[in-house]
Amino acid sequence: MTKSKEWPLWEIFIRGQHGMSHRHVGSLHASDAEHAIKNARDVYTRRNEGVSIWAVEAKDISASSPSDKGPLYDPARDKIYRHPTFYVLPEEAGNM
Amino acid sequence: MYAQMVKSTGKGVQPLEEMGPQDRAFQERIDRGEKIEPKDWMPDAYRKNLIRQMGQHAHSEIVGQLPEGNWITRAPTLERKANLLAKVQDEAGHGLYIYCAAETLGISRDELFEQLHSGKMKYSSIFNYPTLTWADMGAVGWLVDGAAIMNQVPLQRTSFGPYARAMVRICKEESFHQRQGYHIMIQMAKEGTADQKRMAQDAFNRFWYPALMMFGPSDKDSVHSAQSMAWKIKMNTNDELRQKFVDETVPQAEYLGLTVPDEHLKFNDETGHYDFSEPDWDEFMDVISGNGPCNTDRLEARKKAWNDGAWVREGMMAHADKKAQRKLAAE
Ligand SMILES: [Fe+2]
Ligand SMILES: [Fe+2]
Numbered sequence: 001m002t003k004s005k006e007w008p009l010w011e012i013f014i015r016g017q018h019g020m021s022h023r024h025v026g027s028l029h030a031s032d033a034e035h036a037i038k039n040a041r042d043v044y045t046r047r048n049e050g051v052s053i054w055a056v057e058a059k060d061i062s063a064s065s066p067s068d069k070g071p072l073y074d075p076a077r078d079k080i081y082r083h084p085t086f087y088v089l090p091e092e093a094g095n096m
Numbered sequence: 001m002y003a004q005m006v007k008s009t010g011k012g013v014q015p016l017e018e019m020g021p022q023d024r025a026f027q028e029r030i031d032r033g034e035k036i037e038p039k040d041w042m043p044d045a046y047r048k049n050l051i052r053q054m055g056q057h058a059h060s061e062i063v064g065q066l067p068e069g070n071w072i073t074r075a076p077t078l079e080r081k082a083n084l085l086a087k088v089q090d091e092a093g094h095g096l097y098i099y100c101a102a103e104t105l106g107i108s109r110d111e112l113f114e115q116l117h118s119g120k121m122k123y124s125s126i127f128n129y130p131t132l133t134w135a136d137m138g139a140v141g142w143l144v145d146g147a148a149i150m151n152q153v154p155l156q157r158t159s160f161g162p163y164a165r166a167m168v169r170i171c172k173e174e175s176f177h178q179r180q181g182y183h184i185m186i187q188m189a190k191e192g193t194a195d196q197k198r199m200a201q202d203a204f205n206r207f208w209y210p211a212l213m214m215f216g217p218s219d220k221d222s223v224h225s226a227q228s229m230a231w232k233i234k235m236n237t238n239d240e241l242r243q244k245f246v247d248e249t250v251p252q253a254e255y256l257g258l259t260v261p262d263e264h265l266k267f268n269d270e271t272g273h274y275d276f277s278e279p280d281w282d283e284f285m286d287v288i289s290g291n292g293p294c295n296t297d298r299l300e301a302r303k304k305a306w307n308d309g310a311w312v313r314e315g316m317m318a319h320a321d322k323k324a325q326r327k328l329a330a331e
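Sequence order for the protein chains is V and E. Just so we're aligned, residue 1 is where the first sequence starts under our numbering, counting upward by one. Just so we're aligned, residue 1 is where the second sequence starts under our numbering, counting upward by one.
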C-alpha cells in the first residue's frame, strides 16, 4: 500500500433556511474547495439543513487561544452600562 | 457499547487531594460541567482514552454499514430500499462526524484507519454477526440502533466538546433508524404471513443476546469504568444501560407478539425492572477478540474498500494540486 498524502481538513459552515448567519457544523476532508462543498452537501445537509455552505481550509483559521480566556475578555467585564438594564427609567416613560 | 472494551491505564481513580495542580484544575473543570476543548490542556491518559473510545465508536459506525448494506440491493420494495439506503448513508455520516472529532486530539484519519485495519483498534462486537434474512433489517434497526441510542443520548453531555457536539447531531438522526426497523418488524410480525412471523421471531432470537452484549461486560468485570466516569467520557455503567434497554424493549416485543428468547425473563415487582439472563460472556470475548462469525469478512471488506479507493484519493489530490498550480501561474 502506498503512503498517500491525506486530503486536507476543511471546516464547514452552513446557513439554514431561517438561519441569520452561517454556523460551524463540523469538518471533513476533501482535496480542494469545490470537493469540500460537495462533500459537505452529503455529510452535513442530508435533511435540508442548509441553503448556503462555506468551506474554509482548517489551516487558514486563526483562533484565540484558550489561555487568553481571562485577559482577552476582561475589558468588557466591568462595563455594565453597555446593557439597557443599567438605566433605570420611570414608568411614565413607557417601554423603552 | 459502540466502544465496549476501552482499556484505561488501569490505575483507578486518583482522589482530588492527591492530584498535582494541573490535573486537579482539569478534574474540577469537568466536575463543574465545563466542556474540554481540543486546545485546552488535558492529561495524556484522558487524551489516549478518548482517542481509543472515539476510534472504536467511529469504526463501529463505518463497519456497521456492512451488515445492512448486504440487503440494500435485495430490499423487498423500492420504498424499503430507499429507507435502508438513507439509514446506511447516515451511518457513514456518523462515522465521519466522530472521526473528525477524534482528529482534534492529534491523531490523523489515516492513522485511525490503519489501526482499524491492523486490528489494533476494535469496533462493536454486534457487527460481527451475519444478517441472514430481510427480517434482520427490522431486528437491527429496532434492537441495534435502539441500544446505540440508549448509549449515545447521555454521551451528548460528555466532557469533550467535539465528541458531545457530534453526539447531538447523531442523536437527532438515530430515531428514524430505530423507527424504520420497528416498522419492518410490525409489518412482518404483526401483519405478515406465517412465514414472515417465523422469520421475525428467528431474527429476534439471533439478535437479542448480541444486542445485550453491546453494552459491554458486566459492571463487576469492567475494571476500566471508574476513571472514564470520573472524566465524564462514560456517563452510565454497562449494567445500568443494559437494564434500561431490557425494560424498554420487552413491551415492544410483546406488542409485536414476539417471544423474548429467555426463559428466565420476568418482571420483578420489587425492583420495578425485568430480571433477565446474562448473555454468554465467553462468546462475547471470542467475538471481540476476532473469532465471531463475520470478523474476517468485515475487516477484509473494509481493507478492500480502502485499497480499491487509493487511486481515487491520490487522483483527486493530484488534480487539486495541478489546479492550484495552474491558478498560481495565471496570476
Ligand atoms: Fe449511527
Ligand atoms: Fe443508527
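Hint data in this document are derived by calculation from the structure and do not stem from the laboratory. Cβ coordinates follow ideal geometry from the N, Cα and C atoms, glycine included. There could be a bad hint or two in this list.
As the list claims (entries may be wrong) - Derived contacts from chain V toward chain E, CB cut-off under 7 Å, selection only:
hint	residue
1	K5
2	G26
3	D32
4	V43
5	T45
6	P66
7	D78
8	H83
What the hints assert, rightly or not - Heads up, simulated SDA-like pairs for lysine to any residue below, C-alpha to C-alpha not over 25 Å straight-line:
hint	chain 1	residue 1	chain 2	residue 2
9	E	K39	V	P71
10	V	K59	E	K323
11	E	K323	V	N39
12	E	K81	E	K197
13	V	K38	E	A82
14	E	K304	V	D42
15	E	K303	E	W41
16	V	K5	E	A329
17	V	K59	E	T104
18	E	K81	E	T193
19	E	K81	V	K5
20	V	K5	E	L105
Unchecked claim - Distance ranges between label pairs, derived from CB positions:
hint	chain 1	residue 1	chain 2	residue 2	range
21	V	S65	E	L265	50 to 58 Å
22	V	I37	E	L78	26 to 34 Å
23	V	R46	E	P251	25 to 33 Å
24	E	T193	V	D42	33 to 41 Å
25	V	L72	E	C171	30 to 38 Å
26	V	T45	E	D44	46 to 54 Å
27	V	R46	E	T73	16 to 24 Å
Cross-check of the supplied hints:
no., hint, result
1, K5, "5 Å, holds"
2, G26, "6 Å, holds"
3, D32, "4 Å, holds"
4, V43, "5 Å, holds"
5, T45, "10 Å, violated"
6, P66, "5 Å, holds"
7, D78, "23 Å, violated"
8, H83, "25 Å, violated"
9, K39(E) with P71(V), "17 Å, holds"
10, K59(V) with K323(E), "19 Å, holds"
11, K323(E) with N39(V), "19 Å, holds"
12, K81(E) with K197(E), "21 Å, holds"
13, K38(V) with A82(E), "21 Å, holds"
14, K304(E) with D42(V), "23 Å, holds"
15, K303(E) with W41(E), "35 Å, violated"
16, K5(V) with A329(E), "23 Å, holds"
17, K59(V) with T104(E), "13 Å, holds"
18, K81(E) with T193(E), "21 Å, holds"
19, K81(E) with K5(V), "36 Å, violated"
20, K5(V) with L105(E), "20 Å, holds"
21, S65(V) with L265(E): 50 to 58 Å, "55 Å, holds"
22, I37(V) with L78(E): 26 to 34 Å, "30 Å, holds"
23, R46(V) with P251(E): 25 to 33 Å, "31 Å, holds"
24, T193(E) with D42(V): 33 to 41 Å, "38 Å, holds"
25, L72(V) with C171(E): 30 to 38 Å, "33 Å, holds"
26, T45(V) with D44(E): 46 to 54 Å, "37 Å, violated"
27, R46(V) with T73(E): 16 to 24 Å, "21 Å, holds"
In terms of the numbered hints stated before, the structure departs from hints 5, 7, 8, 15, 19, 26, listed from lowest to highest.
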